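Given only the sequences and the hints, what does the whole structure look like? Please build it.
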Amino acid sequence: MTGLNKLGGRTWVVTAAALIVLLVINAVLQPNFLEPSVVQSNLTTFLPLVLVAIGQTYVILGGDIDLSVGAIVALVNVVTVTVIAGLGGDGTAVVIGLVAGMGVGATCGLVNGLIIAGLRFQPIVTTFATSIVFSGLALWVLPQAGMPVPEPYWRTYAGSILGVPTVYVIYVVAFLIAAVLATRPFATRLKAVGGLRTAAFQTGLELGRLRVSAFMLSGLFGAFASLCLTGETASGDPLMGQTLAMSAISAVVLGGTALAGGVGGTLGSVLGAWVIGMIGSVIFFAGLPFEYQTLVQGLIILAALAGGVLVTRR
Amino acid sequence: MQPILRACDISKSFGAVHALDKARLTVERGEIHALLGANGCGKSTLCKIIAGTVGLDAGEVLIDGQLAALGSPHLAEEQGVALFYQELSLVPQLSLGENIFLGREPRDRLGFTDRAAIQRQTEALIDRVAAVAGKGFTPDARVFDLSPDQRQLAEILKVLARKPKIIIFDEATATLDRRQVEVFFDILRVLKAEGVSSIFISHRMDEVFAIADRITVMRNGETVAEFAAAETDRYAVVYAMVGETGAIAASVRDHKPLEGDARLAVKDVRAARLGPVSFTAQRGEILGLGGLQGQGQKALLAGLFGAEPFQGGSVSLDGVDVTARRPADAMARRIAYVSGDRGRDSALPGRSILENTAIASLVRERRHVVPGAVFRERFTEVLAGLNTRYAGLDAPIGSLSGGNQQKVFISRWLSPAPGLLLLDDPTKGIDLGAKGDFYLLARKLADEGATVIIYSSEDSELLSLCDRVLVLNGGAITADLVGDRLTPFELTRASYGDAA
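Chains as they are written, first to last, in the working numbering: chain F, 1 to 314; chain G, 1001 to 1500.
Derived by calculation from the structure, the hints in this document are not laboratory data. Treat each hint with caution, since some may be false.
[Said to hold, decoys possible] SDA-like, lysine to any residue: derived pairs with alpha carbons at most 20 Å apart: (1) G:1192 <-> G:1267; (2) G:1165 <-> G:1078; (3) G:1165 <-> F:137; (4) G:1267 <-> G:1193; (5) G:1428 <-> G:1131; (6) G:1163 <-> F:202; (7) G:1165 <-> G:1133; (8) G:1435 <-> G:1342; (9) G:1163 <-> F:21.
[Said to hold, decoys possible] Over 12 Å on every C-beta distance to chain F, these chain G residues come out as not near it, computed from the model: (10) 1093; (11) 1190; (12) 1484.
[As the list claims (entries may be wrong)] Covered by chain G, according to a simulated footprint, are these stretches of chain F (three or more residues, beta-carbon under 8 Å): (13) 77-91; (14) 171-185.
A quick note: this is a predicted structure, and the numbers were derived from the prediction, not measured. Built from N, CA and C at the ideal position, the CB exists for glycine as well.
Next comes the structure, spelled out in structure tokens:
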């Protein structure tokens, strides 16, 4: 308890420390690690996970969980590439495709939220079920991987906007959205809903609306992640992003957000996502067989969970 | 000037139970108004109606002379009525300031949470109670880290931040010690000076006379008297609570003189909000636990049974230490427990009557298989002895009425007969016929040598059934009523912590 007191609830400080350690190890193992091109390449690789983790944070803060976000990523991808191809693949088609993708993501979140908050279904079971539904829809839209996106799409993603690499622009925009949300009453109210639902209810908060909003944010950030992945793969893939939901939940937990809800924030989740990315990087450059990555990642998350329990238990 | 609140002819039924029957309440601006009455008189229901958490069947509420629409807590709050909750509305993970302004955060021009304003306004609120706030009571402090006193204070500040005209405090002092009560009273006086009215439900008569300007007394869902506190005394108030007949009528029961030595000795037992409490009881005695609800009676029974073990003290029965650490200990000593909360404490839902009856015997006899034939015979006889009406032992427990279910649950404990029978408001929600059977059974078990301890939320039940009643108030025994002193008047008086 004293540990948490000193941090004043800023549990992300621990994650930041872990990230620094990993950065140092990586810099030692990999001499060119800090070169701008390598930094950019790494941050590009981590971007989808960072985005999904930001969205997942809202759901978890509100005391729920979203297992379906990986399937949302796939569905958004196939819808976007299909819309772009269907409209002829010019600039207007790309813009409409992006908007459609975001619409699909937000709608999936809305469906999750309405079922869970409206019908009072269990979030873990519901989003597991809807993930199968979303995956099924993705396969229906695009049964096989393929259907390339037009060149300007992935060229823009890999390139720059006004001299700033596009990936960094996306990071900045995502952080701005997260920062704006964090300083609005929404953030506090969501934490109240996840912290002690009865108290939030007694206080007159609109629990349903808050929870649905959180799921919609998760779906929307899933869509952002999907559009970024599409920029990397440059084509449609109905099986895209399958591991993202679990990795994102791990990132959120590593970032100090309590799985029970009410404590944490997006900053920690971003750091947590980077930590997970770095762990993979360390294992790779330390010459360990790649098969160990999942095992090590699992053990580290277990340790983080245990640490969290020790810190919060009086 | 208009009274700030006038509730007229409020009626409310829950099913067949008339909780309120044309109840009235008038509260003046800036006064502290105490609302008193025995258990089940309707005072809490009336408060809930005014606070919008319970709807009303008939009647009207005027606030500041205006007809108030009180469909929800939110509506009531908009009209200036705030209900004080006991630690229920604070989110432990959030800071004090975040909690106080949760749902109504001050915002800057861009719609962002104005943290500086929260800080400033919380500090201003804390200043009003600075004398009693204690260490670490700052806007940034997490509620998680606050002491129970400070949480209570935080709850009050949360109410104050809504700038209410009327605050309802339902048993706000129940968990406070004497010093904390003084603190709470200081806050009430501050509010009074600011023109805010308080409705105050208390379980202590001395508190009422220390702080209240006026007193409204309720009985059986009706408003029976209004007093100015300065012009009355506690006797008049207690008389109003029990009514003419109750006050005069001596107990009509045949008091059996209790002979012999105590066989149950409870010594200095303690639990959260209970004790230390000591008492003794005899073989063949039906001992009642009286008082207003939530004064430690249930904790005492749960402790004796080991369901919520005591934190100290000892219990001995027939010279043997029977201080229970878990229910199995108590069951091994032929201590039985029947709760009025059948759904929570007794029923194996969806299982048969036989299974619901056999469960205690299975544990006590360390059986792993229900010996069907033996148990069928045994429990058919027991259930018949209680006039239980049921289709068959294999029918699901839910097919029975409340009264018959309760008979099934008590029959768990009857073979062999218990040495100490603990009854926790056992006749709650059961019909009169079943109640009668229940009383007969309790008397029969006592006559056969058991000691029966019963808590009841109905004073009339204690008065008609018990040989002796211990009255609890704030976790302590305030009276030991027996013989001529076992009257409604003394019981009500002691319930309010007013010892003779």
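Hint check:
1. G:1192 <-> G:1267: Cα-Cα ~43 Å, so violated.
2. G:1165 <-> G:1078: Within the cut-off at roughly 10 Å; holds.
3. G:1165 <-> F:137: violated, 56 Å
4. G:1267 <-> G:1193: The hint is violated at about 46 Å.
5. G:1428 <-> G:1131: violated, 44 Å
6. G:1163 <-> F:202: holds, 17 Å
7. G:1165 <-> G:1133: Violated: residue 1165 of chain G and residue 1133 of chain G sit about 23 Å apart, past 20 Å.
8. G:1435 <-> G:1342: holds, 15 Å
9. G:1163 <-> F:21: The given pair, whose Cα atoms are some 51 Å apart, is violated under the 20 Å limit.
10. 1093: violated, 4 Å
11. 1190: Answer for residue 1190 of chain G: holds, closest chain F Cβ roughly 23 Å.
12. 1484: holds, 47 Å
13. 77-91: violated (count 0)
14. 171-185: Satisfied; 4 residues make the cut.
Of the numbered hints given earlier, the model fails hints 1, 3, 4, 5, 7, 9, 10 and 13; all others are met.
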